[in-house]
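So the protein sequences, as listed, match chains A and B.
For the first sequence, our numbering assigns the number 1 to the initial residue and increments by one for each residue that follows.
For the second sequence, our numbering assigns the number 1 to the initial residue and increments by one for each residue that follows.
Think of the hints as simulated: they come from the structure by calculation, not from any bench.
Hints should not be assumed to be uniformly reliable.
[Said to hold, decoys possible] From the structure, some residues in chain A lie toward chain B, with a derived Cβ separation under 7 Å: (1) A18; (2) N19; (3) S25; (4) I51; (5) S100; (6) Y103; (7) E141; (8) A147; (9) I154; (10) G171.
[To be verified] Computed beta-carbon distance windows for the label pairs: (11) A:V111 x B:K199: 21 to 27 Å; (12) B:A104 x A:G114: 53 to 59 Å; (13) B:K199 x A:I193: 22 to 28 Å; (14) A:P194 x B:R67: 29 to 35 Å; (15) A:E163 x B:K199: 30 to 36 Å; (16) B:Q208 x A:K120: 31 to 37 Å.
Note that the Cβ used here is the ideal one computed from N, Cα and C, for glycine as well.
Take a look at the letters that make up each chain.
Number of protein chains: 2
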Amino acid sequence: MRYYSIEEMTTWERFYRANFINSLSGFKPISLVSTINSDGVANLALFSNIIHLGSDPALIGIMNRPREASPHTLGNIESNGHYTINHVHSSFVEAAHQTSAKYAREVNEYVEVGLTPEYKENFSVPYVKESSVQYGLELSEIIPIKANDTFLIIGKLKHVFLEESTVSHDGFINIQRTGSMASLGMNAYYETIPVKRFKYAKVGVTIQELPF
Amino acid sequence: MRYYSIEEMTTWERFYRANFINSLSGFKPISLVSTINSDGVANLALFSNIIHLGSDPALIGIMNRPREASPHTLGNIESNGHYTINHVHSSFVEAAHQTSAKYAREVNEYVEVGLTPEYKENFSVPYVKESSVQYGLELSEIIPIKANDTFLIIGKLKHVFLEESTVSHDGFINIQRTGSMASLGMNAYYETIPVKRFKYAKVGVTIQELPF
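With the hints as constraints, model all of the structure from the sequences given.
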C-alpha cells in the first residue's frame with residue numbers, strides 16, 4: 001500500500017484533493033432533497049451526506065455545505081420547516097446530477113432537469129414522482145459546525161412512501177430491489193449486490209445469517 | 001406505493017421500527033473504527049455512520065450512539081485523541097460484524113474476532129491489516145446532539161494507506177476495486193457495481209460522463 005500524509009495531500013491541486021478525500025470515507029446514500037422557497041418556487045438539490053441519527057425518535061440528518069456555497073436548500077428549510085428526501089435510481093441519475101448545477105434562486109429545478117413534483121398527504125413540499133423511496137421531514141434543529149462552517153440539519157421523520165413488497169418480515173427495506181443507488185465521492189453512482197445480512201452480534205455466539 | 005405515517009411507525013415493535021428507519025436513509029459506508037483505551041487495550045467497533053465533512057481542511061465525522069449504549073470508542077477517542085478508520089471487505093465481513101457485540105472494556109476485539117492490528121508511521125493506534133483502505137485521524141471536536149443524546153465526533157485526517165492503482169487521474173479513489181463494501185440498515189452488507197460518473201454539473205451545459 002502507498003502512504004499519503006496530510007502534508008502531501010495539502011500540496012495537491014484543489015479538485016484532486018477534493019476527489020480523493022471525498023472518496024476516502026466510503027460509499028454514501030444519494031438522494032434529492034426537495035424544498036420550497038418563500039415565493040413558492042420548488043428547489044431540488046442532490047445530497048450524499050444523509051445520516052441516520054436514530055429510530056426513536058426517528059431523526060435523519062443532512063450535512064449542508066457552507067451557506068455561501070449552497071444557500072437554497074438551507075434557506076428554504078429554515079423558512080418553510082418541511083422538506084422531502086427522495087432516493088435516486090439509475091433511470092434518472094443524469095437529471096439528479098444536473099440539479100447540482102448552481103441555478104439561481106428563482107429557478108424551479110424540477111422544470112429545468114425534467115423531474116415531476118408530486119404533492120400528497122397534505123404536505124406543503126413535493127416529492128420526486130420518479131423516486132420509489134420518498135420521505136417527508138419536519139425541521140427539528142440546525143447545528144452549525146464551526147470547524148468548517150457547515151450545518152447539520154436535523155429532521156423529524158413524518159411520512160414515508162415506498163413499495164411494501166421491498167420490506168422484509170423484520171422491517172428491513174430492500175432498497176436495492178427498486179434500484180436505489182449508492183454514491184462515492186462527488187460524482188460517482190453505483191448499483192449494489194446484496195452479499196450478507198447477519199443477526200445482532202452477541203459475545204460468545206457464532207454469527208448467524210439473516211435472509212434479505 | 002404504500003404510505004406510512006409516523007403515527008403508524010411509532011406503534012411498531014422496537015426492532016421492526018429500527019430496521020425500517022435505519023434502511024430508509026439509504027446505503028452507507030462500513031468501516032472498523034480502531035482505538036486504544038487508557039490501559040493500552042485495543043478496541044474495534046463497526047460504524048456505518050461515517051460522514052465526509054470537508055476536504056479543506058480534511059475533516060471526517062462519525063456519529064456515536066448515546067454514551068450508555070456505546071461508551072468504548074467515544075471514551076477512547078476522548079482519552080487518546082487518535083483513532084483509525086478501516087474499510088470493510090467481504091473477506092472479513094463476519095469478523096467485522098462480530099465486533100458489534102457488547103464486549104467488556106478490557107477485551108481486545110482484534111484478538112476476539114481474529115483481525116490483525118498493524119502499527120505504522122509512529123501512530124499510537126493500530127490499523128486493521130486486513131483492510132485495503134486505512135486512514136488515521138486526530139480528534140478535533142465532539143459535538144453532543146441533544147435531540148437524542150448522540151455525539152458527532154469530528155476528526156482531522158492525518159494519514160492514509162491504500163493501493164495507488166485504485167486512484168484515478170483526478171484523485172477519485174475506486175474503492176470498489178479493492179472490495180470495500182456498502183452497508184444498509186443495521187446488518188446488511190453489499191458489493192457495488194460502478195454505473196456512471198459525471199463531470200461537475202453546470203447550468204445550460206449538457207451533462208458529460210467521466211471514466212472511473
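Results of checking the hints against the structure:
{"no.": "1", "hint": "A18", "result": "holds (4 Å)"}
{"no.": "2", "hint": "N19", "result": "holds (4 Å)"}
{"no.": "3", "hint": "S25", "result": "holds (4 Å)"}
{"no.": "4", "hint": "I51", "result": "holds (6 Å)"}
{"no.": "5", "hint": "S100", "result": "holds (5 Å)"}
{"no.": "6", "hint": "Y103", "result": "holds (6 Å)"}
{"no.": "7", "hint": "E141", "result": "holds (6 Å)"}
{"no.": "8", "hint": "A147", "result": "holds (6 Å)"}
{"no.": "9", "hint": "I154", "result": "holds (6 Å)"}
{"no.": "10", "hint": "G171", "result": "holds (4 Å)"}
{"no.": "11", "hint": "A:V111 x B:K199: 21 to 27 Å", "result": "holds (22 Å)"}
{"no.": "12", "hint": "B:A104 x A:G114: 53 to 59 Å", "result": "holds (56 Å)"}
{"no.": "13", "hint": "B:K199 x A:I193: 22 to 28 Å", "result": "holds (27 Å)"}
{"no.": "14", "hint": "A:P194 x B:R67: 29 to 35 Å", "result": "holds (33 Å)"}
{"no.": "15", "hint": "A:E163 x B:K199: 30 to 36 Å", "result": "holds (33 Å)"}
{"no.": "16", "hint": "B:Q208 x A:K120: 31 to 37 Å", "result": "holds (35 Å)"}
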